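Novice: Sequence:
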Amino acid sequence: NANDVAGANTYYGQGFTIEPETTTRNTNSGFAWKFTSTNNTKTGRYEVAKFAVAAGGTVAVKVHMYKGGATGGIKIVQNSDIGMSSDVLTENTTDSSSTWIEKTAYIQPSSAGIISVELTIRGGSGNTIFDDMSITQS
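For the sequence shown, counting from 1, position 49 maps to 56 in this note's numbering; every step adds exactly one.
Treat the hints with care, as some may be off.
[Said to hold, decoys possible] Pairs of lysine-lysine, DSS-like flavour, derived with a Cα cap of 27 Å: (1) 110 x 49; (2) 57 x 69; (3) 69 x 49; (4) 110 x 69; (5) 110 x 57.
Derived by calculation from the structure, the hints in this document are not laboratory data. All of these numbers come straight from a predicted model, not from anything done at the bench.
Whole structure, please, built from the sequences with the hints as guidance.
Specialist: Following this line, the structure appears as structure tokens:
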């Protein structure tokens, strides 16, 4: 209830906000998350999942993004316990604004363990809306 308004749910982070989005969605159920950048020198990030993975195979983290001017992304946070040497970040930098696109981040863990998945936003002004996410391992 941001500013004491019932149903006005807003999360305030370092250089970004998150609000539920019910108008612009990839599917017509529930709501999406609208990330708005409020500082062009900061990258906002918010953890949305922790997921157990097995050794071997390919892990695919997919999310639908709607670019509203700012650069959004999906990030698998570096975890050396499963063989990751750096973060894996997939962003909508080259995608057109005002359209839904499915983006996928991939890893191939060498050991079993946990991955942490974050959604990110950067760019000063504008937003990215996130909807419909899946995590699979083959």
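Novice: Hint by hint, note whether the structure agrees.
Specialist: Verification of the hints:
no.	hint	in the structure
1	110 x 49	holds (22 Å)
2	57 x 69	holds (14 Å)
3	69 x 49	holds (24 Å)
4	110 x 69	holds (6 Å)
5	110 x 57	holds (18 Å)
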